[in-house]
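Trainee: The primary structure of each chain is shown beneath.
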Amino acid sequence: MRDGEPLIRWVWIGDHVGELAHYTGVHLRLGLLPVLFGLIISVPLGILCHRWRWIYPPTLTAANVLYSVPSLALFMIFVRYTGLTERTVMIPLTLYTLSVLIPNVVDGLASVPDPVRQAATAMGFSTVRRVIQVELPIAVPVVVAGVRVAAVSSISLVAVGQLIGQGGLGYYIIRGLQLDFPTPIITATVLIMLLALVTDALLVLAQRLLTPWARGKGAKA
Amino acid sequence: MIRFDAVSKNYPNGTTAVDGLSLELAEGGITVLVGPSGCGKTTTLRMVNRMVEPTAGTVSLRGQDIREVAAPELRRGIGYVIQHAGLFPHRTILDNVATVPLLLGWGKKKARARAAELLELVGLPATMAKRYPYQLSGGQQQRVGVARALGADPPVLLMDEPFSAVDPIVRGELQAEFLRLQKELHKTIVFVTHDIDEAIKLGDNIAVFRTGGKLAQFDTPERLLAHPADDFVADFVGQDRGIRRLSFVQAAGLPLREGPALPVTASVAEARALDEPWVLVVDDARRPLGWAEAAGLADAGTLADIPLAPLGHTFSLVGDSARAALDAALLSPSRLAVGVDAQGAVAGVADAYELSAAIAGTGGSLGAAPEAAGVAGVAETAEAAGPQLVKGAADPADAEDAEDADGSGSNTGKTGGGDR
Ligand SMILES: Nc1ncnc2c1ncn2[C@@H]1O[C@H](COP(=O)(O)OP(=O)(O)O)[C@@H](O)[C@H]1O
Ligand SMILES: [Mg+2]
Chain A
37 MRDGEPLIRW VWIGDHVGEL AHYTGVHLRL GLLPVLFGLI ISVPLGILCH
87 RWRWIYPPTL TAANVLYSVP SLALFMIFVR YTGLTERTVM IPLTLYTLSV
137 LIPNVVDGLA SVPDPVRQAA TAMGFSTVRR VIQVELPIAV PVVVAGVRVA
187 AVSSISLVAV GQLIGQGGLG YYIIRGLQLD FPTPIITATV LIMLLALVTD
237 ALLVLAQRLL TPWARGKGAK A
Chain B
136 MIRFDAVSKN YPNGTTAVDG LSLELAEGGI TVLVGPSGCG KTTTLRMVNR
186 MVEPTAGTVS LRGQDIREVA APELRRGIGY VIQHAGLFPH RTILDNVATV
236 PLLLGWGKKK ARARAAELLE LVGLPATMAK RYPYQLSGGQ QQRVGVARAL
286 GADPPVLLMD EPFSAVDPIV RGELQAEFLR LQKELHKTIV FVTHDIDEAI
336 KLGDNIAVFR TGGKLAQFDT PERLLAHPAD DFVADFVGQD RGIRRLSFVQ
386 AAGLPLREGP ALPVTASVAE ARALDEPWVL VVDDARRPLG WAEAAGLADA
436 GTLADIPLAP LGHTFSLVGD SARAALDAAL LSPSRLAVGV DAQGAVAGVA
486 DAYELSAAIA GTGGSLGAAP EAAGVAGVAE TAEAAGPQLV KGAADPADAE
536 DAEDADGSGS NTGKTGGGDR
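Same order as they appear, the protein sequences are chains A and B. With this note's numbering applied, the first sequence corresponds to residues 37 to 257, in that order. With this note's numbering applied, the second sequence corresponds to residues 136 to 555, in that order.
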């Protein structure tokens, strides 16, 4: 760092408010859409794994193997197919969410008490209807717990995408390193952390509103 | 109504849960399936709504093989209540109860109106409608479970140990209320329990199962007590079945004598003149107040001035059983049971010897059916066994008496339900 350069130049922040807002939006999109896609993949997969237990171990292993591949390597693989686009960042991030979301969907479905499942069957729910109207709603608290973990890790991972030019707020981190200028690095880092915390808080709130019935039940719900 | 024809169930792991069951359950009555744990009661029950498919034989409902009806459709016409209620935790009480009407496509408004009606029927206040299951006690949840099962007014109700998980006091209440409800609704009910006392209290007919899924006896409660088919059944119904049989003999027929009774306005001298160890003191409507002990009488004054020993309990000639009468005699300080009429006025007294002599007399008609109780087959209705018989717990007050008496008696060791 150059001599005499302060950690934060507030003036810079003031000058870049509009641009920062733009990159914050991009960052959120890059971080959260993969969670949504991950959920869309994990719910049906989780239902299948719950119903046919034997496909669960291989599925989970596959998801964990994917998670262990370094993000940079995944980016480089997908660049060949999808170029230097946002998709190239979002596809690996989506794959990463699976190792958290699939087990949480399975655990969520397993949290449905046996008498409840039996009662639903005995009332005359068809299997599909029972899963949609009884089992999935009851799985929500456990699934949301997984979504929180996935969302926070996805938001912080987005920055790495800057290596292929698609990193949301990661842009400022790389720029700051190149220019030996700490203000954008610190600003972007703090913003990313804030995004993660606020997203997490909103998910908690959403869950409270979605599942008023789970109050006072603690971890079991 | 519900008919099992040579039905067996073998689970893939080799367990024979039900073995060659043939049974026909009467319409509009409560049939209790009872037996030790693991004897195939739940399996039998679940074969009625196709939650378990038999490996052999047929189950038919109103003459139709149940396999001819699609399972979900069949189930919407059969109410089902289980031990831990199994309420949907994510739905309000009202929406839980509205489940089956909603499945039948009634529309939200109509389904909820029906649900509100049902909550009232099972004795839950309307303020509970908006709550969630976790906010209710076990007993309340069980009531909701019953209301939910009645959703579409199904003619058949299956109940699997519905009252086993609540404490004995709540259980007594739920049982009494269940009988009251059944008087109104006349459903065809199959009720599973491992508790022989509950079976006798609730059942119009009782099917006793032994381990291995074999039917040991199918009979009315009174015949089960009087004529257990074999040692297993005799053992299962318990050592005190002689006493329990008295629940089915009406007190009305018992001979009572006048007894040493005096109005509270009588003088101490009159009491002493009776030359009895105990004098029953009554009010001006002849309602009993208590016992005065001759040995403790004052020298002068009226009976109003002296302390009375409490009555214990009296028995009613309208509605109580001989069991309540005998219990009253055993608990009375004077060893005399006090019988009262519908107005609560003293009808007469009797001691335990007089009562048991009389019961032995009427016992002839109780045990009159000479042929051994048949295993499997259509049970006779309660009326067929004689006009003397009453249902032990026809009303809540009666049920409480029975409960008291049980408390002092021994428990049936085999039921595993030693839960009084
Ligand atoms: N799904 C199942 N697979 C294998 N065995 C079972 C299954 N369900 C019940 N059983 C066995 O069948 C027997 C009867 O069970 P059940 O009908 O539940 O008895 P009960 O309700 O009288 O306690 C028991 O030995 C039980 O272990
Ligand atoms: Mg059972």
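Everything labelled a hint here was simulated from the structure, so no lab data went into it. Built from N, CA and C at the ideal position, the CB exists for glycine as well. Hints should not be assumed to be uniformly reliable.
Coverage of chain A stretches by chain B, computed from C-beta distances (three or more under 8 Å per stretch; other residues unrestricted) [stated by the list, open to error]:
(1) 229-240
(2) 243-250
Incomplete in silico selection of chain A near chain B, CB under 8 Å [claimed, not checked]:
(3) 109
(4) 147
(5) 151
(6) 155
(7) 157
(8) 159
(9) 160
Trainee: Please write out, lowest number first, the hints stated earlier that are contradicted by the structure.
Mentor: 1, 3 and 4
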